[in-house]
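Undergrad: These protein sequence lines map, in sequence, to chains A and B. With our numbering applied, the first sequence corresponds to residues -14 to 452, in that order. With our numbering applied, the second sequence corresponds to residues -14 to 452, in that order.
Careful: at least some of the hints might be erroneous.
[Stated by the list, open to error] Pairwise CB distance ranges, derived in the manner of DEER restraints: (1) A:E398 to B:E398: 48 to 58 Å; (2) B:P209 to A:E342: 54 to 64 Å; (3) A:E119 to B:A283: 40 to 50 Å; (4) B:A291 to A:R254: 46 to 56 Å; (5) A:L427 to B:Q423: 50 to 60 Å; (6) A:P452 to B:A290: 53 to 63 Å; (7) B:E398 to A:E342: 27 to 37 Å; (8) B:E342 to A:A225: 50 to 60 Å; (9) A:A225 to B:P209: 19 to 29 Å; (10) B:E57 to A:Q442: 23 to 33 Å; (11) B:Q423 to A:R433: 56 to 66 Å; (12) A:G322 to B:E57: 33 to 43 Å.
None of these hints come from the bench; they were simulated from the model. Just so you know, even glycine gets a beta-carbon here, dropped at the ideal spot from N, CA and C.
Protein chains: 2
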Amino acid sequence: MADREKLRSDLVALLGADSVAWDPESLAKHSRDSWPLAILRAVHRRPAETPACVVQPRDTESVSRTLRYASEHQVPVVPYGGGSGVCGGILPPEDAVVVDLRKMNRVLEIDERALLVRVQAGALGAELEKTLNEKGFSCGHFPQSIDLSTVGGWVATRSAGQFSTRYGSIEDILAALEVVLPAGTVVRTKPVPRAATGPDLREIFLGSEGTLGIVTEATLRILPKPPSRVLAAFAFPALARGLEAIRQLVQAGWRPPVLRLYDELETARHFSDWAAPETALLLVLSEGPPALTEAEMAACSAACAAERGSALGPAPVEHWLEHRNDVPPLEPFFERGIVVDTIEVAAPWSAIPALYEGVAAGLRAVPGILVASAHSSHSYVTGTNLYFTFAVQTENPDRAEEIYHQCWAAAMEATLAAGGTISHHHGIGRIRRPWMAQEHGLGIGVLRALKAALDPQGIMNPGVLLP
Amino acid sequence: MADREKLRSDLVALLGADSVAWDPESLAKHSRDSWPLAILRAVHRRPAETPACVVQPRDTESVSRTLRYASEHQVPVVPYGGGSGVCGGILPPEDAVVVDLRKMNRVLEIDERALLVRVQAGALGAELEKTLNEKGFSCGHFPQSIDLSTVGGWVATRSAGQFSTRYGSIEDILAALEVVLPAGTVVRTKPVPRAATGPDLREIFLGSEGTLGIVTEATLRILPKPPSRVLAAFAFPALARGLEAIRQLVQAGWRPPVLRLYDELETARHFSDWAAPETALLLVLSEGPPALTEAEMAACSAACAAERGSALGPAPVEHWLEHRNDVPPLEPFFERGIVVDTIEVAAPWSAIPALYEGVAAGLRAVPGILVASAHSSHSYVTGTNLYFTFAVQTENPDRAEEIYHQCWAAAMEATLAAGGTISHHHGIGRIRRPWMAQEHGLGIGVLRALKAALDPQGIMNPGVLLP
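Okay, chain A solo, but in the shape it has when bound:
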């Protein structure tokens, strides 16, 4: 406790009293992210530990000072953005400093000629998008968390948005970054369109989940708001038919921003007003120059018809657009003994049938299973993702956590067995860490070497990412 006092007073001396907080509310707020297991534990009156204090820097220099201090004193540091992570990336130990970036939320510069925006890492996605929209631009990056997640969080977790099939994921959108290394060094990369100047420094930090440094600024590629948008939905007699239509479309070179296909269970759950029972619903959204959207939608209609998809018109897509970011709070489920979560994975097209069947079967083997369903929301030439939802009823609240881990283990093992990757866009955090060695094979040694090289004292977000 004496250490905590000293840490707090040192940081106040270093950064000013208004940049350091340790009131119970601040500590509790920064004690976890939106990981369902952390929420479950809170419901069961087993809340997470609270950190020693929360630093709220207003500039990169303050982040640098904080990290230099932490390095010198071997204090664990946990970067905090919007707290929207769902894999347990934030669970600061009692002796940790949380660095909350939310006060660094300014849009610094828009280059309208090169279509680049430079923004501080703590800006919320929705704040940035609003600023861009007012000038006729968009980021084209729409994770479901956009109202809650920060630009820095997107980078640190390798975020993907709902329109990624055309506009790419954060690694395609991030043109440059500023990152503070554990010893306080500030590294800035240049926003060039492409370079062959050694390994790409952006990629070291994309997906590093706070374990290699703190992202303080990002330069993102933006786009003019598209002049036209067309919506269409199609119902297929089976999920496999819809997947085949998507594969044909993307492999022929079409890239509608949204190609979102629900299995029969999710179609019945969310779209029964439009789709017949036992069908799989595909949502298509195309946008861009009218000549492009027209040709693209004609190609979609033909590809869907070839797989016996029947056209349902735009209404299901409009419904989805309106409700796409509604996420019900999890507490009521946990209070009723229902263990729920989502798990997103991905694989090459040739492995997708086995991946779907394997994960669904694994989840359905869990006693008390109520729901095991999936949709595909991000497609590529070589494969697609599957986003599973599970719910399990338990009579015994003491078993909830065990059941939670049981579901995750079933999904992870089945994914690896099918040749898939254990995460498409939520990241690793703590929940997926036990499978990282299997995911990467001997490559895990390269990740460990990188960690040891950049954070030799291991102060950055300990307990996350690497097993």
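Please arrange chain B on chain A, whose structure you already have, making use of the hints.
TA: Same frame as chain A, but now just chain B:
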């Protein structure tokens, strides 16, 4: 010399006599790549040192054994693909082992459903493309060196092809790789379409130029051969007009594989049969589904007309397609006292006018300059590349090397001053190494830490990439 003998006999014992060569022809062939300065030195009777021996492994296990041996005995190792590099990436010291990958050139597997090809690193681009074409596929990656360069070389140097504006560069095409680390460990990544499982291991080795390990296998994204192709050329009253047309097209969402714009000098040099003097010629090639190419070419015509580009029909593009990989041998130039090379750089659109003017002015200030011209061949939403050609006449052969360095320094300094990147796709090698610290700022420390972590003894391709 005793060391050389021991090294050779040890490697023969380890790999077999038919995998190790040290005849003068083999040593001379592997003593350099296609770096113009190395060619200039050879013309001036100052050939490069020759390595101790050349290993020609037939499998990954042999590469692993070689590297394990080299690590244990601190022997420098230089990986060798097709020898097509133009930046001095290959210049083995006398005590080095060159690992020539050309005998590892098999196409191992084609996944026609996921559109993936798994190929050994020593396959030449043209060999791979021919195999794919026979099955109705293409890699979509066409560097000018395709007849001379290997798949492993593409990865190690961050290659970009002539059709990259639509199909991407090697970092977009590489789905997975196998790489042998300096101590002999074989790391394999999985060919998944996208993952959020920590920093992307592919990106550690893309552009590493043999300094972190040896790439032994690659899985690449392939494409069905496109059903239609349309060609068109346009002549603009000024380079700036043509650049503006390209910028408008890509920022509106169009991606013709080829958008290739020559400045007035290069237009006069290569296309005087079609384009009027003092015009800048744009070559456009669109391919894909007919509905897409039709809409794309209509958009191109409109964007070019808006910038006063006049349509010249397909002939200039056909001419380029036929001759695009013809590169004249450099020896005759050097023998006549003409110092020549090309320098490719890139920048955001907002910096391109200053970059073009700055580099051209810097080159034209070199006494004896004959040619300083450029074209743009790879465009992106946020910017484009500029590919300069220079030629300088000198009466004194002893000054040729100094003049060569003077031209490079002028181009590099002007590029950095304009906010550009010092290499778009040729890489760093030895010629650009002096500017790497300026290119990356404090980020150079991250690259150095990566090198120290993965190659602590510094045996991998010493003298390249990092200053």
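Undergrad: Against each hint, give a clear statement of whether it holds in the structure.
TA: Taking the hints in turn, this is what the structure says about them:
Between E398 of chain A and E398 of chain B the CB atoms are about 56 Å apart, so this pair conforms to the stated range of 48 to 58 Å. Distance hint check: the CB atoms of P209 of chain B and E342 of chain A are about 27 Å apart, inconsistent with the given range 54 to 64 Å. At roughly 31 Å, the beta carbons of E119 of chain A and A283 of chain B sit outside the given window of 40 to 50 Å. Distance hint check: the CB atoms of A291 of chain B and R254 of chain A are about 49 Å apart, consistent with the given range 46 to 56 Å.
Look at L427 of chain A against Q423 of chain B: about 35 Å separates their beta carbons, and that is not inside 50 to 60 Å. Taken as a hint, the range 53 to 63 Å holds for the pair P452 of chain A and A290 of chain B, whose Cβ atoms sit roughly 59 Å apart. Between E398 of chain B and E342 of chain A the CB atoms are about 59 Å apart, so this pair departs from the stated range of 27 to 37 Å. In this structure, E342 of chain B and A225 of chain A meet the distance hint of 50 to 60 Å, their C-beta atoms being roughly 57 Å apart.
Restraint check, A225 of chain A to P209 of chain B: a C-beta distance of roughly 21 Å satisfies the suggested window 19 to 29 Å. In this structure, E57 of chain B and Q442 of chain A meet the distance hint of 23 to 33 Å, their C-beta atoms being roughly 30 Å apart. Between Q423 of chain B and R433 of chain A the beta carbons are some 31 Å apart, a value that contradicts the proposed interval 56 to 66 Å. In this structure the hint that G322 of chain A and E57 of chain B lie 33 to 43 Å apart at CB is violated, the actual value being about 59 Å.
Of the numbered hints stated above, those contradicted by the structure are hints 2, 3, 5, 7, 11 and 12, listed in ascending order.
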